[in-house]
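Q: Protein chains in written order, with full-length UniProt numbering: chain A, 1 to 773; chain B, 1 to 773.
What the hints contain is simulated information worked out from the structure, not anything from laboratory work. Do not take every clue at face value.
Said to hold, decoys possible - Below, in silico cross-link-like pairs of lysine-lysine (DSS-like), each with a Cα-Cα straight-line distance of 30 Å or less:
1) B:K696 <-> A:K296
2) B:K728 <-> A:K728
3) B:K473 <-> A:K696
4) B:K296 <-> A:K473
5) A:K516 <-> B:K728
6) A:K264 <-> B:K516
7) A:K281 <-> B:K296
Unchecked claim - Beta-carbon label-pair distances, calculated as ranges:
8) A:Q429 <-> B:R535: 26 to 34 Å
9) B:E635 <-> A:R512: 34 to 42 Å
10) A:T18 <-> B:S562: 54 to 62 Å
11) A:A513 <-> B:K384: 18 to 26 Å
12) A:Q100 <-> B:R512: 54 to 62 Å
Beta carbons are placed, not taken as given, at the ideal position from N, Cα and C, and that holds for glycine.
Protein chains: 2
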Amino acid sequence: MTGEIKVGKVMKMQALITQNNLGREFQRCCLGIERESLRVQEDATLALTKVPSSIGPRASHPYLLTDFSESQPEFVTPPSCSCLDRTFDWLAALHDVYIQAMNADEYLWPFSMPCLLPDEADIPIIDVPEQEEIAYREYLANHYGKKLQMISGIHFNFSFSEQFVTRLFEEQTEYSELISFKNALYLKLTRNFLRYHWLITYVYGASPVADESFYTSKKHGQTPPDQYVRSLRNSSYGYNNFSDVRVPLTSVADYSTVIQQLVKDKKISEEREYYGNARLKGHGKYTKDLMERGIKYVEFRSIDVNPFDQFGLSRQQAEFFRLFFMMLVWLDEDASEADIERGMTMNEQVASEHPFAETAFQAEGLHLLEKMIEVAEFVEANDKAQAEIAFVQSALMDPTKTYAAQIVHEIEKSSYIEFGQLLAQKYKQLSTAEPYRLRGFDDLEMSTQLLMSDAIERGIRVEFIDRQDQLLKLSVADHIEYVRNGNMTRLDSTISHFLMSNKTATKRILARAGFKVPGGAEYRSLTEAMANYPRFADKPTVIKPKSTNYGVGISIFKQGMSESSYKEALEIALAEDETVLIEDYIAGTEYRFLVIGGVCRAVLLRQPANVIGDGKRTVAELIAAKNQDPLRGEEHRAPLTKIECGQIERMVLKEQGLTFESIPGKDQRVLLRANTNISTGGDSIDVTDDVDPSYKRIAEAMTRTIDVQITGIDLIIPDIKQPSTHMKPGYTLIEMNYNPAMNMHAYVYKGKGRRVTQDVLNLLFPELPKRRN
Amino acid sequence: MTGEIKVGKVMKMQALITQNNLGREFQRCCLGIERESLRVQEDATLALTKVPSSIGPRASHPYLLTDFSESQPEFVTPPSCSCLDRTFDWLAALHDVYIQAMNADEYLWPFSMPCLLPDEADIPIIDVPEQEEIAYREYLANHYGKKLQMISGIHFNFSFSEQFVTRLFEEQTEYSELISFKNALYLKLTRNFLRYHWLITYVYGASPVADESFYTSKKHGQTPPDQYVRSLRNSSYGYNNFSDVRVPLTSVADYSTVIQQLVKDKKISEEREYYGNARLKGHGKYTKDLMERGIKYVEFRSIDVNPFDQFGLSRQQAEFFRLFFMMLVWLDEDASEADIERGMTMNEQVASEHPFAETAFQAEGLHLLEKMIEVAEFVEANDKAQAEIAFVQSALMDPTKTYAAQIVHEIEKSSYIEFGQLLAQKYKQLSTAEPYRLRGFDDLEMSTQLLMSDAIERGIRVEFIDRQDQLLKLSVADHIEYVRNGNMTRLDSTISHFLMSNKTATKRILARAGFKVPGGAEYRSLTEAMANYPRFADKPTVIKPKSTNYGVGISIFKQGMSESSYKEALEIALAEDETVLIEDYIAGTEYRFLVIGGVCRAVLLRQPANVIGDGKRTVAELIAAKNQDPLRGEEHRAPLTKIECGQIERMVLKEQGLTFESIPGKDQRVLLRANTNISTGGDSIDVTDDVDPSYKRIAEAMTRTIDVQITGIDLIIPDIKQPSTHMKPGYTLIEMNYNPAMNMHAYVYKGKGRRVTQDVLNLLFPELPKRRN
């Protein structure tokens, strides 16, 4: 099936790309990143604990894998063909989820070379049920030594866009089959990479040294190098196959045949034991799949973990890599097997150079950069890419700018281990400071961030159907679920949505089913409503628009109202909706009951923005102090909102005879708002365990009547300790919400946070182990 | 349980009502109407056909019942406590549904007295599976004769509002239990009715004569009366129990005990054989239920069918009845058994008076009317009620104004039978002229009207949860379903709704599943979209807002567009939505595939407003002629819309070199619009049976991917006869609609109408017999 390449015949890509004006398509590459790391303790020794129990099944987890050792996480981003930003969004999210799941005293080691390692025997192999996985790792441990397995790296999974490859294929004349053409393209890329990857090692090599504890491994029973180098990992100290493992890149067939032969000859135990700096990847697990459907992408493996970046790779670095790969196919040359051999030797030589020394291949490096600039200009590369080319150029002239040199500079000030500890702590802080945020995805609504974070943790694949619309696709194997706003799912019907969004409908149906709802009336015109003023004049009354969902346009009259106030309230409500509801005002406190899957999962009390006096500080100072809470942020960007010192707060204070400068007495509660909304500085208090169970049963029964799985029910309850009975119902229904805020329950001002998004996932994916909220 | 009434002790209701200012509550009575009729053929003979097969199960139908004979429909409105309008809405709807279901050559007989009857033996008894129902009717046939059973009447089921009764009870002091009080109230009403109902017979008596074929019944083996009367039905010629059946109204217990005794003594076969002019009704089927939970309502049965109204009772008449009932409890008097006896005799006497003769009881009548005016003034009765009191007053003075006299006036001009035929035809025309309208409910959207009409027909109970919101509650026994817009149900998920309302999401998911969708891009700003102008400049392109659902803001460029047109189109789209979609324009014709429950039920082609020339008439004349189609009406009020002669039509004509005054050649198609919307005069053409089945299978498969039961899918197909194959898909998806117009398919300009709302009901109520659309 696959056409074979005549070596020496060079694909003239540059001409094809420029003549057909394919710059945009050229640049739209697809990228996936794998970052390996180690879990360490505060003292930089390897953490010997198990993978955090909240992380989903290791054998099938799409993102958070475990490599050789139980202590060795691997972060795998889904391949992205849109832009590099997406890949880094994922890197951030995966790090946040994993780091937040780790024990409080554990950290991620920031270097490629390991932390303080215990004896070989004490390094724990991955703990999975699959015996063949354990056997494979035991073989590796015996064959190469465990310590060598503890080296971390960055792998780049790279491909051009399908569109680009197809367009190129259509424009060229040499190949009659797309697969042959594609194979030729990726083989050229791979060969040239191996020829020139020394440049990556020169600039970004970041393993100048290792701790002594590393040098007792089976393979490296030798002494440590006598000087700093650029990349131990790319040198003979790194984790490579033994020298009798050589795989040609002359064709896909050669590549596959030789790897299969190596397995047969028991030179490697399985195909995956082939550790080339670049590996061809097909559509299946084995190299023979390459023969059938061709190369899908190439895995580049020589890259050291960048300790200066919390994700082991910087955004700007990635821009450089992309341009570097593009340049490799742009070149009007193609490396022969001999060239590759030479490139491998050059890479090892550069890896072993002293970080402060000029490289032997400076001139070739500068030539490559010129080619990269050519490509960058043609595709109008962005500023980040341009800046990184400039950086690499300057680092070629000045070796102190290379990563290795910078690391040496730092560790000379303290030590390799201490510098590692410092970075590990810093990066952990970045991932845990705002646990309610899923970095990379904090443009999403908080409920969606929480759900996504939980899904990632549990090994549920997450894709965006529409990111702006909070519309996620979740999947486990071939089970697909779509979720919007973290709460709208396949499990609820479109009609229950409309029943709840129509307040009259909800109450009418619940009242017929015997639940207690406030009496009320509905009017479609000011005239009609005004004619009924006498009905309400003396009664505690709420006037509100019929269908809006955010508390907008509501007026409350606790002791009846004048005709002019009545009219004004009607006008306010009618500005929001063409129908106005006038209801009995029910005295008591309003609670939100969140029911998921027929079970009340959380009960929340919301209190208006307030501060408690200490007899010393002014109101303004008390507000400032309360606003220090890391859970308080901007409206809708944090679980709680900072209390403002605005016009409304000033008026509310005035009603209490206070100003911002007043000093309230000890334990005096001062209100800053009349409304209870969290978005105006209100406090959220979890009372799930305090409310009499009868109320939860009532909320649950209401969901059966409306036939809804996920809803937030607002009940007015004068006394939550007093049981509600059939004869003496202790509640009145206010409304049912089809789009309840999920985040509100997870991070509360007081009480226990309830991770209710876990309940949604439990409901959607009953095949996964249940997770308690 | 029930308190007994001391006869003679009169409840002083008037004082109670006025002193407590209960006028509003007094007037809010609850009402249900039963109207009996006969199905007749064009020649006024009894139709001997079965009940239309589309009418749901007779044994359990809530609205469309069958009485003694298979030819004798009975229309039963649900009780309404809001206003009389609701009751008449229902009367209209029930008549429309039944009449439309009848054979083309059948009519409803407009009189109380029967049409041309066949021999007793040929009158068909109801055909139901329940043996006891047939046995009961055979007994009646033997006991009274079949012909007597064929007399039709109006029954009024009347009660005061619960609120009114409760308020009165709270304010009075005589009764300590609500049930006793309520029984006393309704007994007073019933007794006084029987004392004074002669007034109703005088004015509204409407059976002055019967056809000769009626006078051969078993009971009336006698000769016909020798003159016209006011009401044969209320006279000894009517259908009454034999004289040994007398039931006292002294108390609920007496009433029930005597009826039970009559059954025991075999004077009547079952309780329901008691045909008093007023019957007490409890919460159950038997009179013993009255003893336990008291009277729920009273059934008044003496009212003749009013032939001058298509529903057998006029709206204004009903206003009079309501006030009459109110007056009966308002009176400070209460009829004794002797009074009742006297009242019954007076009624029979009045019934037998000549229609043109003054009644013997004019003075009493005028006194009653004065009392009614008192009540009307107190409750501020509406104009209709006042007008009807005035009419009855004048009819008391001038007998020629009574219904009986008016009927005699008409039949003297032709004959009883001919006048009946004339009215029957006229009323049938009113019920069938606009079959897409459900009179009484034509404020609803057409889809909801259709669904409601189908539900009524099939015996599904229909209630409004929110009439303005097109939100219906449907039920069969204890199976409840809510439906909005005739298409949103429990069967579709809230997430499928959002997936379809987001055009990008729909296409993304369908594309991943292998369906053919147009290529496109999505932009959130003018700047961003403008930057991509070169991508689209030369391509056939559609620019549209992302989420709107009604074709608003869409621009189509079949041959690419200038930068300024591009910008303009973007601005139009961005005015509708914050995100704009730019898609490949796909050449071909757009078809709507309606899929319900996984099966494609209808395929529709929509063509722009157009006329076909005949070489004689002008465009304006052709439009006027086309607009004559009864299916064409105002936008959204009829299945098709009248073509306008407006500015846009003038411009479209101009592009074809025409004006409204041009005379197009024979068979020349002249377009009046560029868009295909039905709401701007477009034609709908059903092509369900013309499209290659492969397209239906594709539409059905799409609904499985989006997991939706009811949806309208728009596909562009260049040739519907050419099968679509995997290698050569013949379609492109435009969008899926979560709120597809159902009515569009039912009444089409050309082709077969598809009653797709029946499919929705089939899906929601699988326990009912399936109905084909």
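Q: What's the verdict on B:K728 and A:K728, does the C-alpha distance respect the 30 Å limit or exceed it?
A: 69 Å, violated
Q: Go ahead and decide if the range 18 to 26 Å is satisfied by the Cβ distance of A:A513 to B:K384.
A: About 37 Å separates the Cβ atoms of A:A513 and B:K384, which means 18 to 26 Å is violated.
Q: A:K516 and B:K728 were given as a pair; does the straight-line alpha-carbon distance stay at or below 30 Å?
A: 60 Å, violated
Q: Holds or violated: A:K264 with B:K516, Cα cutoff 30 Å?
A: 45 Å, violated
Q: Within 26 to 34 Å or not, the Cβ separation of A:Q429 and B:R535?
A: 44 Å, violated
Q: Given the hint that B:K296 pairs with A:K473, does the C-alpha gap stay at or below 30 Å?
A: 55 Å, violated
Q: Does B:K473 pair with A:K696 here, judged by a C-alpha cut-off of 30 Å?
A: 27 Å, holds
Q: Starting from the range 54 to 62 Å, see whether the pair A:T18 and B:S562 falls in it by beta-carbon distance.
A: 28 Å, violated
Q: Has the hinted range 54 to 62 Å been met by the Cβ atoms of A:Q100 and B:R512?
A: 31 Å, violated
Q: Do the alpha carbons of A:K281 and B:K296 lie within 30 Å of each other, as the hint requires?
A: 80 Å, violated
Q: Decide if the proposed pair is consistent with the structure: B:K696 and A:K296, CA atoms, cutoff 30 Å inclusive.
A: 36 Å, violated
Q: Using the beta carbons of B:E635 and A:R512, state whether their distance is inside 34 to 42 Å or not.
A: 36 Å, holds
When the structure is compared with the earlier hints, violations turn up for hints 1, 2, 4, 5, 6, 7, 8, 10, 11 and 12 and for no others.
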